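Trainee: Sequence:
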Amino acid sequence: MYPASLSPAMAAATRKANIKQKPFMLTMFNRLNFNLYPTKPKQVEVVALPILWECLKAGVADSEIRKAVTEFAKGLQQLMGERALLDQASMEVDPPRKKLLESLIR
Numbered sequence: 001m002y003p004a005s006l007s008p009a010m011a012a013a014t015r016k017a018n019i020k021q022k023p024f025m026l027t028m029f030n031r032l033n034f035n036l037y038p039t040k041p042k043q044v045e046v047v048a049l050p051i052l053w054e055c056l057k058a059g060v061a062d063s064e065i066r067k068a069v070t071e072f073a074k075g076l077q078q079l080m081g082e083r084a085l086l087d088q089a090s091m092e093v094d095p096p097r098k099k100l101l102e103s104l105i106r
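The opening position of the sequence shown corresponds to residue 1 in UniProt numbering, with each subsequent residue numbered one higher.
Derived DSSO-like pairs (lysine-lysine); straight-line CA-CA distance at most 30 Å:
{"no.": "1", "residue 1": "Lys98", "residue 2": "Lys40"}
{"no.": "2", "residue 1": "Lys16", "residue 2": "Lys57"}
{"no.": "3", "residue 1": "Lys42", "residue 2": "Lys99"}
These aren't lab readings, by the way, just hints derived from the structure by calculation.
On a predicted model such as this, the values are computed, not experimentally measured, just so you know.
Kindly produce the complete structure, drawing on both the sequences and the hints.
Mentor: Now the structure itself:
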């Protein structure tokens, strides 16, 4: 199956995942993003970034969630580049959340 068709469904499932499912879903979504980005970079940005912003806003107190969000953020950093990711974060999240993102990807 083509990754572009799976991306919106995977994003919706990741959004709705509970605290126990979320780390697994973020890991699977990250893998999908790596397969999709070479052919559809804009789709990855449009679908994956809002999930990252939601995770940052919800907080990363749980160690499993923190690890999964860190891997997800680092995956997007590898795909998009650090500067592009942080520029997007400046427009979407408040300064404390942006600092949290910076600490996760560095």
